[in-house]
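As a plain string of letters, each chain reads:
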Amino acid sequence: MSEEKKPGWKELPEGDVLEAGTAAKFNVAGWRSEKPVWSKDNCIQCMICWIVCPDSSVKVVDGKMTGFDYDHCKGCGICSHECPTKADKRAIVMEQEKK
Amino acid sequence: MANLKELSVRQDPLTGGHRACAGCGFPQIVRMVLLSSKDPVVVISATGCLEVTTTIFPFSAWNVPFLHNAFENSAATASGVEAAYNAFVRKNKIKGKINFVAFGGDGGTYDIGFQSLSGAMERGHDLLYVCYNNEAYMNTGVQRSGATPRGASTTTEPAGKVSSGKTRPRKDLTKIMAAHNLPYVAQAAGGYYMDLIKKAEKAFATPGPKFINVLQPCRLGWGYKPELTMEISRLAVQTCVWPLYEVENGIWKVTMNVREKKPIAEFLKLQDRFRHLFKPGNEQLLADLQKEVDKNWEELLKKGAP
Amino acid sequence: MPAAAKTGNEAMAEAMRQINPDVVAAYPITPATEIVMIFAQFAADGLVGTEYIPVESEHSAMSACVGAAAAGARVMTGTSSQGLALMYEILPIATALRLPIIMCEVNRALSGPINIHCDHSDTMAARDFGWIQIFSENAQEAYDNTLQAVRISEHSKVKLPSMVTTDGFIISHCMERVEMLGDKEVQDFIGEKKAEVSLLDVTKPVTIGALDLQDYYFEHRRQMAEAMKNVAPVILEVAEEYSKLTGRKYDLIEEYKLADAEIAIVALGSTCGTAKVVIDELREKGIKAGMLKIRVFRPFPAERIAAVLNKIPAIAVMDRSDSLNTQGGPVYTETCAALYNHPKRPKMINYIYGLGGRDVTLDDLRSVFSDLQSIDKKPLFNYLGVRD
Ligand SMILES: Cc1ncc(C[n+]2csc(CCOP(=O)(O)OP(=O)(O)O)c2C)c(N)n1
Ligand code: SF4
Ligand code: SF4
Ligand code: SF4
Ligand SMILES: [Mg+2]
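Chains as they are written, first to last, in the UniProt record's numbering: chain A, 1 to 99; chain B, 1 to 306; chain C, 1 to 388.
Errors might be hidden in some of the hints.
To be verified - Here are the computed lysine to aspartate or glutamate pairs in the EDC-like style, where the Cα-Cα straight-line distance is at most 20 Å: (1) K40(A) - D62(A); (2) K93(B) - D188(C); (3) K157(C) - E11(A); (4) K25(A) - D188(C); (5) K95(B) - E196(C); (6) K95(B) - D201(C); (7) K64(A) - D12(B); (8) K204(C) - E14(A); (9) K91(B) - E196(C); (10) K25(A) - D12(B); (11) K10(A) - E219(C); (12) K5(A) - E219(C); (13) K193(C) - E14(A); (14) K5(B) - D69(A); (15) K291(B) - E260(B); (16) K295(B) - D172(B); (17) K244(C) - E185(C); (18) K225(B) - E34(A); (19) K10(A) - D212(C); (20) K91(B) - D183(C); (21) K93(B) - E192(C); (22) K91(B) - E192(C); (23) K64(A) - E6(B); (24) K59(A) - E6(B); (25) K225(B) - E82(A); (26) K184(C) - E241(C); (27) K10(A) - D215(C); (28) K344(C) - E255(C); (29) K347(C) - D212(C); (30) K204(C) - D39(B); (31) K157(C) - E95(A); (32) K225(B) - E14(A); (33) K5(A) - D215(C); (34) K91(B) - D201(C); (35) K38(B) - D62(A); (36) K93(B) - E196(C); (37) K229(C) - E11(A); (38) K5(B) - D62(A).
Since the hints were made in silico from the structure, they are not lab data.
Next comes chain A alone, as it looks inside the complex:
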């Protein structure tokens, strides 16, 4: 996160109110020690990874899995664990993050 100057009380909107969805600007990539890597060829487009991801980090366009949002994926591995593809044709594998 870049250190932005935080607003003073006069600039801040009154009443502890926020616009929707501002957490999308918060990057949690640093939480990850592993990352999921998708193989399009092995994917059967079942959408399971999308529904089980706790961090809304499976990118879906027009009802199709298209990859991961690495700004928000925390590398929990649920998607890979739940992906129904066979051991020799995994659509998601977890890889060590380079430190």
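Model the placement of chains B and C with the ligands on the given structure of chain A, informed by the hints.
Okay, now just chains B and C with the ligands, sitting in the frame of chain A:
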């Protein structure tokens, strides 16, 4: 019922960038429930992990209208929101259906918020209350709650040299809510997402007060590897520790039949909170826990065979 | 202007009917119960368009009020004592979310011991939650204050909740002549509620009540302090407009024969009525007695108080609640603080009186004025009307 593909084109109610632990079990539950609504939703949440991790100012993970008031009052707060909506509809100041959803953790639901929930449901407000039940006060560091199962170790009822964790079984809140004679009450688990989605859809299609109790594995408080969240959730169902059922206008029905019940040890042994149960000396307790689960399952089958 | 005999509770319930709030959530408690019951009947008879929520506790009453107000509704409730105490947790949340909820509060002693009669301990314990607090001397004021509170709280520079108080039984249950405005006049006076943000606006979703950490909490609290600073001029503005409608004038404080007073008391609520009788009597005897009535306790009108009290040599501050802090009641400590930085500081002593509905007789107040005539002989902290 909408399938996953159809749901995936709806707007995700939650963004990423929230601060729940990697592998947490509640964001999916929230997404599954809210995506099931065809109409706009307004969310009210109790204090707890869900609210804390999703609304750290100035970052809100909510794409839908969201209100947090306090810990024990999400149902009462939601009843006020719903009343305001009704007043505006009557005065022609608002058009279009809105589904109101209150979330509370097990602490905010079974314990401190129990009265508020019971009151709001009894009054008949048109809202869905969802307990995301991780069976302890996780936000404040894994303290026991009325939902903590017997034998689990928590920081306020820990296993120790002379203790095997929680001594009493959890209260059966789903049954208690059924005793409120609500039009729709259900028990669900995130691991069986189609079952949960179907229940949420049913709830949204039913006017009046609805309650769904959703088991939520917590990798931190339960102590397991983060990728196992969904699997542990399913094991709770397959061992009949957490049966899936619904009570629709007084008719009970098991929604997930378990023909070959797995021994509860398969569920327990994956979790640190139960580790002490597998040490010598706790054989009887384990056997008792199994008996308790068997008995509850048999009773449930009598009420509403699948 | 129609006038009728009404109790304080009836006057407040009538004001609520005329305000016709979108949502009322309330729970019964003596001596505020009638407000809730009368209003419930109004709702049952279709005399109001209000969604009335018969909650299962005051905690839920205030919680539902917060929910409804966050949804943009005009919201009211009524309570007293233990009921108010059960709301305490949620009161500062209403403030922080900047929700202009209006509460009719009937002052009653806090348990324990349990007691259903008047003192100010319930309201005073809620004095630092960021609610505007307006005290009423009689049923007429209770009615007038309730109507004005809507305008004050909803003012765009304020957006803070208000509690309008009466004294339990003394005002709440006593019949008095109350002049009321017409229903339409009330509606024209209060206008439509304009909410800048609403939870129900699904096209523009907002998050209300987010978690502030060390980096934002202070700024939000600072905003609330500023809003409270804006209240006094708004009260005066609203009072001015109200007086044009009714001929009844209101201010933050009320001076009673203070201009040339040599001895004076400071009081709130129904005691002021009793004190006026004693002051008139003393004046006839040539004793220059007077009174400062504090109508608005929050925000505390310190400058105004200092400006009128500094000229008076001997003052007794009357507290109908005890802070049990060995430093006097809340009205006393705040009045002292108001004068501390003034070049002329009068001699001020404190009386804790009337706890748990103990009668405040004319003789009691006569004795206070008599004490003031030789104030140097009196201790700072005194209890009035308690058996030794
Ligand atoms: C009145 C009150 N008491 C205690 C707390 C402290 N507190 C905040 S969250 C929490 C536990 C929440 O547990 P639960 O409802 O199960 O939600 P979880 O954090 O497990 O998701 C506690 C004890 C509080 N905020 N308010
Ligand atoms: S690793 Fe976890 S956070 Fe990342 S995409 Fe998979 S499920 Fe989502
Ligand atoms: S779970 Fe696996 S197969 Fe299914 S959509 Fe995701 S990547 Fe493709
Ligand atoms: S402590 Fe448990 S419930 Fe809370 S965010 Fe972490 S995993 Fe989720
Ligand atoms: Mg919990």
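Evaluated hints:
For the given pair, K40(A) sits about 15 Å from D62(A) by alpha-carbon distance, which is consistent with the 20 Å threshold. A threshold of 20 Å between alpha carbons decides the hint, and for K93(B) with D188(C) the separation of about 19 Å falls inside it, so the pair holds. For the hint linking K157(C) to E11(A), the alpha-carbon distance of about 15 Å falls within 20 Å, and the restraint holds. At most 20 Å may separate the alpha-carbon atoms for a hinted pair to count; K25(A) and D188(C) exceed this at roughly 45 Å.
Using a Cα cut-off of 20 Å, the hinted pair K95(B) and E196(C) holds, with the two alpha carbons roughly 19 Å apart. Note on K95(B) and D201(C): the hinted pairing holds, with a Cα-Cα distance of about 11 Å set against a maximum of 20 Å. Among the hinted pairs, K64(A) with D12(B) is consistent with the structure: their alpha-carbon atoms are about 15 Å apart, no more than 20 Å. About 17 Å separates the Cα atoms of K204(C) and E14(A), which keeps this hinted pair within 20 Å; it holds.
About 19 Å separates the Cα atoms of K91(B) and E196(C), which keeps this hinted pair within 20 Å; it holds. Restraint check for K25(A) and D12(B): satisfied, since their Cα atoms lie roughly 16 Å apart, inside the 20 Å limit. The suggested pairing of K10(A) with E219(C) holds, with an alpha-carbon distance near 8 Å, which does not exceed 20 Å. Taken as a hint, the K5(A) and E219(C) pair is honoured in the structure, with Cα atoms around 14 Å apart against an allowance of 20 Å.
For the hint pairing K193(C) with E14(A), the CA-to-CA distance comes to about 17 Å; that is within 20 Å, so the pair holds. Between K5(B) and D69(A) the alpha-carbon distance is near 19 Å, which keeps this suggested pair within the 20 Å criterion. Restraint check for K291(B) and E260(B): the C-alpha separation of about 16 Å stays at or below 20 Å, so the hint holds. The straight-line distance between the Cα atoms of K295(B) and D172(B) is roughly 14 Å, inside the 20 Å bound, and the hint therefore holds.
At roughly 12 Å between alpha-carbon atoms, K244(C) and E185(C) fall within 20 Å of each other, so this suggested pair holds. Simply put, K225(B) and E34(A) have alpha-carbon atoms about 13 Å apart, close enough for the 20 Å limit, and the pair holds. As the CA atoms of K10(A) and D212(C) are separated by approximately 17 Å, the hinted pair is consistent with the 20 Å bound. For the suggested pair K91(B) and D183(C), the alpha carbons sit about 18 Å apart, so the restraint of at most 20 Å is met.
With a CA separation close to 12 Å, the supplied pair K93(B) and E192(C) stays within the 20 Å bound. Distance hint between K91(B) and E192(C) is fulfilled; the C-alpha atoms sit about 12 Å from each other, no more than 20 Å. This hinted pair checks out: K64(A) and E6(B) have alpha carbons roughly 10 Å apart, not beyond 20 Å. Between K59(A) and E6(B), the direct Cα distance comes to roughly 15 Å. Compliance with the 20 Å bound is thereby established for this hinted pair.
With a C-alpha separation of about 14 Å, the suggested pairing of K225(B) with E82(A) holds against the 20 Å cut-off. At roughly 16 Å between alpha-carbon atoms, K184(C) and E241(C) fall within 20 Å of each other, so this suggested pair holds. Pair hint K10(A) plus D215(C) holds up; C-alpha atoms about 15 Å apart against a cutoff of 20 Å. Our distance criterion of 20 Å between C-alpha atoms is met by K344(C) and E255(C), whose separation comes to about 19 Å.
Distance hint between K347(C) and D212(C) is unfulfilled; the C-alpha atoms sit about 44 Å from each other, more than 20 Å. At roughly 15 Å between alpha-carbon atoms, K204(C) and D39(B) fall within 20 Å of each other, so this suggested pair holds. Between K157(C) and E95(A), the direct Cα distance comes to roughly 55 Å. Violation of the 20 Å bound is thereby established for this hinted pair. About 42 Å separates the Cα atoms of K225(B) and E14(A), which puts this hinted pair outside 20 Å; it is violated.
The hinted pair formed by K5(A) and D215(C) meets the criterion: a straight-line CA distance of about 11 Å does not exceed 20 Å. Distance restraint check for K91(B) and D201(C): the Cα-Cα separation of roughly 16 Å lies within the 20 Å cut-off, and the hinted pair is therefore satisfied. Restraint check: the Cα-Cα separation between K38(B) and D62(A) comes to about 18 Å, which is no more than 20 Å; the hinted pair holds. With a C-alpha separation of about 15 Å, the suggested pair K93(B) and E196(C) falls inside the 20 Å cut-off, and the hint holds.
Of the supplied pair hints, the one linking K229(C) and E11(A) holds, its CA atoms being roughly 18 Å apart against a limit of 20 Å. Taking the CA atoms of K5(B) and D62(A), the gap is near 9 Å; set against the 20 Å cutoff, the hint holds.
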